[in-house]
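Participant: Protein chains in written order, with our numbering: chain C, 1 to 509; chain E, 1001 to 1097.
Just to be clear, a hint being listed does not mean it is correct.
[Claimed, not checked] Derived Cβ-Cβ restraints for the label pairs, each shown as a range:
1) C:428 <-> E:1085: 26 to 34 Å
2) E:1070 <-> C:258: 44 to 52 Å
3) E:1020 <-> C:418: 21 to 29 Å
4) E:1051 <-> C:428: 24 to 32 Å
5) E:1050 <-> C:489: 21 to 29 Å
[What the hints assert, rightly or not] From the derived model, a few chain C residues whose C-beta atoms are all more than 12 Å from chain E:
6) 12
7) 26
8) 51
9) 54
10) 139
11) 148
12) 255
13) 256
14) 284
15) 378
16) 411
17) 417
18) 422
These are computed hints drawn from the structure, not numbers from a lab.
Think of the CB as a built atom: it goes at the ideal place given N, C-alpha and C, for glycine as much as any other residue.
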Amino acid sequence: MDSELTRMTAAGIAALVAAGEVSAVEVAAAHLDRIEAVDERVHAFLHVAADSALRAARAIDDRRAAGQPLGPLAGVPLALKDVFTTTDMPTTCGSRILEGWRPPYDATVTGRLRRAGIVILGKANMDEFAMGSSTENSAFGPSRNPWDLSRVPGGSSGGSSAAVAAFEAPLAIGTDTGGSIRQPGAVTGIVGVKPTYGGSSRYGVVAFASSLDTPGPLARTVLDAALLHEAMSGHDPCDSTSVDAPVPPVVAAARQADVSGLRIGVVTELNGEGYQPGVITRFTEAVELLESMGAKVTEVSCPHFGYALPAYYLIAPSECSSNLARFDAMRYGLRVGDDGTRSAEEVMSLTRAAGFGAEVKRRIILGTYALSSGYYDAYYGKAQQVRTLITRDFEKAFEQVDVLVSPATPTTAFPIGERADDPMAMYLADLCTIPSNLAGNAAISVPCGLAPEDGLPVGLQVMAPVLADDRMYRVAAAVEAALGQRRGHPLLDEANGLGEARPGQEGRR
Amino acid sequence: MSITREEVAHLARLSRLALSADELDRFAGQLDVIIAAVARVQEVAADGIPPTTHAVPVTNVFREDIIVPPLGAGVVLDQAPAAEQGRFRVPRILAED
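Same shape as in the complex, but just chain E:
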């Protein structure tokens, strides 16, 4: 057993996913199989082999600093789930207590 239902529930909380009890049951079993399979990377990756983070390494990418008109607030807020007074309206961000 590489991952427990409790661990999956914890990861779901970290990932901001309100999973149902049914989903937790199902994913715990499936993820256990998947993690056992992907753990095979530990068989060959010996110490000292440098990690690759990106397929084609590029560093210090610059472009011309040209001023272009930004998207208008109206265009952006048009797709917002809720807007008020020309701003995004969001639920409260602090707990009651």
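Chain C on its own, in the form it takes in the complex:
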């Protein structure tokens, strides 16, 4: 039963708990056992909160016993990216500068999860301050991909993706600033969603690039992602950029799973040179599948998408250099060199040098450069203009089609260490995902099979207009259902990084 519980969907677990067929405590215990068994190898978690998880689960069981109504995800365990503040667990952002920090308040998302009866198992590993595409920038060591432990699980929400793909949790929360949910989702064979910017609250999310950061769900099925999307979203008066509008009907859309008559645009610029052949193979098949299900597929050009990556690597570091100025060694976190002889400025400089890793330092310097007088107009100013051009490309495209599609990543999961010393190579992992961060629209990555040459997962990205998040769920759910029917078993049954692939028919890849 235990191993079956960890293989179940969130919707399935919630139904069993609601019906009293299994207790929330049993569900939590099964997942904690699973973490105990595999996380030494996967390293998805920075902190496991067994006691508080079991306490939260017991509270759900008590509520059920008392006949109180339970939410649609009550009793379902979740891995929370370590960038969300939690009063009862440390919040480190994968950084030495916040090692052991206990925030005095919960993030809005954290509070919403608790009120929904979701059981937070612990804090998921991440690239330091969400800067990276592999979790190799975590100060506490990388997470590993459950398909192949020698490869990255993506990033920055790579602990979240690894936890879900390794059956340590059916749900996880990440943040997506340049692709940090969709890219790890794609390379681990799970669903990853960047909601419309402002659709999910940033209050209590330690800031990286405030105009881009977007919390969102990761799950093994599109419906589970939609259920979590609804549970975590909505207007928050504590976040002035939070959108004051109803949450799009994403759960209904995931159940609808119908693309007949839908106009789908294939983005010309997100294809071709630099893309792994197996990624293109699976992507092309997914597009053909959508067409066979009644969608009207056309090719759409977004001429400025090729400039999204350079614009992003000016805007995000600029905002980061400003946001991370708060780590001054005075009010919380690490302090180094405070020996009575050094000034506050010296202590600050020594602390930041000791507490930040290489990628964070690089981006702070790059951002400081782009914002400095004499360079501001040529770099930051131009990047902001490119952002306008990209938004206009989307607006024009969405006049012709309902959603846009592309591969979620140019390649499958790369080996740990391969890009660690080459920042530009690492940045390319976010090539397809960045445009939607700059424009703020919604986008999802849904698995569309395995690349023939390496047997690793490929993600299909579906991009929808601002606040039309439900549209991409319709498409993703349709693809998931059709591919699942063709395959006859969940894609993750084939993951063998932990030596647990489930036997199936020959050549099902």
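Since the structure of chain C is already known, use the hints to place chain E on it.
Facilitator: For chain E alone, coordinates are given in the frame of chain C:
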């Protein structure tokens, strides 16, 4: 060469990062490559195109002015690197001379 080691050292001082000589060497080379790549934004962003500062523009955001209890000093100082007499203790802020 778009950025020199000396410029990186200057930026590090502005950013309050006490970088080692080794880090300065490494970052100067890497940042040179990165800046050359991101400079491509200058190819397309013609004059007259308005800048976008935020993905979803919102202006004049208000909320109800409701009094809520603030965090207690004890809770906040509990996470301070150093505290004294119910306050943050910080290193001296003025130079000796």
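Participant: Each of the hints needs a verdict: does it hold here or not?
Facilitator: Cross-check of the supplied hints:
no. : hint                         : in the structure
1   : C:428 <-> E:1085: 26 to 34 Å : violated, 53 Å
2   : E:1070 <-> C:258: 44 to 52 Å : holds, 50 Å
3   : E:1020 <-> C:418: 21 to 29 Å : holds, 26 Å
4   : E:1051 <-> C:428: 24 to 32 Å : holds, 25 Å
5   : E:1050 <-> C:489: 21 to 29 Å : violated, 51 Å
6   : 12                           : holds, 35 Å
7   : 26                           : holds, 35 Å
8   : 51                           : holds, 20 Å
9   : 54                           : holds, 25 Å
10  : 139                          : holds, 16 Å
11  : 148                          : holds, 28 Å
12  : 255                          : holds, 27 Å
13  : 256                          : holds, 26 Å
14  : 284                          : holds, 28 Å
15  : 378                          : violated, 6 Å
16  : 411                          : holds, 18 Å
17  : 417                          : holds, 17 Å
18  : 422                          : violated, 8 Å
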